[in-house]
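Undergrad: This is what each chain is made of:
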Amino acid sequence: GESVGLHLPTLSVQEGDNSIINCAYSNSASDYFIWYKQESGKGPQFIIDIRSNMDKRQGQRVTVLLNKTVKHLSLQIAATQPGDSAVYFCAETPNTGNQFYFGTGTSLTVIP
Amino acid sequence: DSGVTQTPKHLITATGQRVTLRCSPRSGDLSVYWYQQSLDQGLQFLIQYYNGEERAKGNILERFSAQQFPDLHSELNLSSLELGDSALYFCASSVVSGGLTGELFFGEGSRLTVL
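Just so you know, the sequences run in chain order X and Z.
According to our numbering, the first sequence is numbered sequentially starting from 1.
According to our numbering, the second sequence is numbered sequentially starting from 1001.
With the rest of the complex left out, here is chain X (with noise of 0.2 Å):
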């Protein structure tokens, strides 16, 4: 099956600093990935994505690095505010079979 894992299950940083969150994937054929931000009680909210021919993609405040050599996708998040606290899903798919796969998810933690 597929395998989609991050590498910290939770993360505290100091409100005004940059965030960082990684992700690992196995399956090489992986085509589209993204990034989802859950607040407790709600569904996942859409982030960032990237697909397989981009290495990198920024978005307000996010920016996503997709390494394929060693299957890493990572989610840096500038000027991390309060609001940010919540955790986060990297998500892929092998695009052929259309499904999307979640990793475990970090919880992102903003320190005032």
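Heads up, a few of these hints could be off.
[What the hints assert, rightly or not] Below, a list of computed lysine to aspartate or glutamate pairs in the DMTMM-like style, where the Cα atoms sit at most 20 Å apart:
| hint | chain 1 | residue 1 | chain 2 | residue 2 |
| --- | --- | --- | --- | --- |
| 1 | X | Lys68 | X | Asp49 |
| 2 | Z | Lys1009 | X | Asp31 |
| 3 | X | Lys68 | X | Asp55 |
| 4 | X | Lys42 | Z | Glu1054 |
| 5 | Z | Lys1009 | Z | Glu1103 |
| 6 | X | Lys68 | X | Glu39 |
| 7 | Z | Lys1057 | Z | Asp1029 |
| 8 | Z | Lys1057 | Z | Glu1075 |
| 9 | X | Lys56 | Z | Asp1029 |
| 10 | X | Lys42 | Z | Glu1082 |
| 11 | X | Lys71 | X | Asp84 |
| 12 | X | Lys42 | Z | Asp1001 |
| 13 | X | Lys71 | X | Glu39 |
| 14 | Z | Lys1057 | Z | Asp1001 |
| 15 | Z | Lys1009 | Z | Glu1053 |
| 16 | X | Lys56 | X | Glu39 |
| 17 | X | Lys42 | X | Asp84 |
| 18 | Z | Lys1057 | X | Asp31 |
[What the hints assert, rightly or not] Stretch-level coverage of chain X by chain Z, calculated; a stretch enters the list once three of its residues show a Cβ under 8 Å from a Cβ in chain Z:
| hint | stretch |
| --- | --- |
| 19 | 10 to 23 |
| 20 | 45 to 58 |
Hints are computed from structural coordinates only; laboratory data are not their basis.
Just so it is clear, CB atoms sit at the ideal spot from N, CA and C, and this is done for glycine as well.
Model the placement of chain Z on the given structure of chain X, informed by the hints.
TA: Frame of chain X, contents of chain Z only:
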């Protein structure tokens, strides 16, 4: 608001019972996914439908079944419920264009408690 609607939001039932969870995807999305999220766990893929047909199956128990109707809404049926089935069940929808899958849009989930 993601545009994906799930009902009921909360459901409490007893072991051995059967429940049905309902999902209405975003307007225009043909693909519907069901995920299970247990306490402090990730999202476990259960099953995917595309335009009424089963597209992919994940770790879905034989006691569970799903279908997608002509109007594209989907139902997840859970039977012979066990305590361990207590979880959040999420529905998500996506558009598939040009053979490429778009992002998943999630509903708010249905929280099932089996007593």
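Undergrad: Now, for every hint given, state plainly whether the structure supports it.
TA: Taking the hints in turn, this is what the structure says about them:
{"no.": "1", "hint": "Lys68/X - Asp49/X", "result": "holds (15 Å)"}
{"no.": "2", "hint": "Lys1009/Z - Asp31/X", "result": "violated (33 Å)"}
{"no.": "3", "hint": "Lys68/X - Asp55/X", "result": "holds (8 Å)"}
{"no.": "4", "hint": "Lys42/X - Glu1054/Z", "result": "violated (26 Å)"}
{"no.": "5", "hint": "Lys1009/Z - Glu1103/Z", "result": "violated (23 Å)"}
{"no.": "6", "hint": "Lys68/X - Glu39/X", "result": "violated (29 Å)"}
{"no.": "7", "hint": "Lys1057/Z - Asp1029/Z", "result": "holds (19 Å)"}
{"no.": "8", "hint": "Lys1057/Z - Glu1075/Z", "result": "holds (15 Å)"}
{"no.": "9", "hint": "Lys56/X - Asp1029/Z", "result": "violated (28 Å)"}
{"no.": "10", "hint": "Lys42/X - Glu1082/Z", "result": "violated (24 Å)"}
{"no.": "11", "hint": "Lys71/X - Asp84/X", "result": "violated (26 Å)"}
{"no.": "12", "hint": "Lys42/X - Asp1001/Z", "result": "holds (11 Å)"}
{"no.": "13", "hint": "Lys71/X - Glu39/X", "result": "violated (27 Å)"}
{"no.": "14", "hint": "Lys1057/Z - Asp1001/Z", "result": "violated (27 Å)"}
{"no.": "15", "hint": "Lys1009/Z - Glu1053/Z", "result": "violated (26 Å)"}
{"no.": "16", "hint": "Lys56/X - Glu39/X", "result": "violated (25 Å)"}
{"no.": "17", "hint": "Lys42/X - Asp84/X", "result": "holds (14 Å)"}
{"no.": "18", "hint": "Lys1057/Z - Asp31/X", "result": "holds (19 Å)"}
{"no.": "19", "hint": "10 to 23", "result": "violated (count 0)"}
{"no.": "20", "hint": "45 to 58", "result": "holds (count 3)"}
Against the hints set out earlier in the document, violations occur for numbers 2, 4, 5, 6, 9, 10, 11, 13, 14, 15, 16 and 19.
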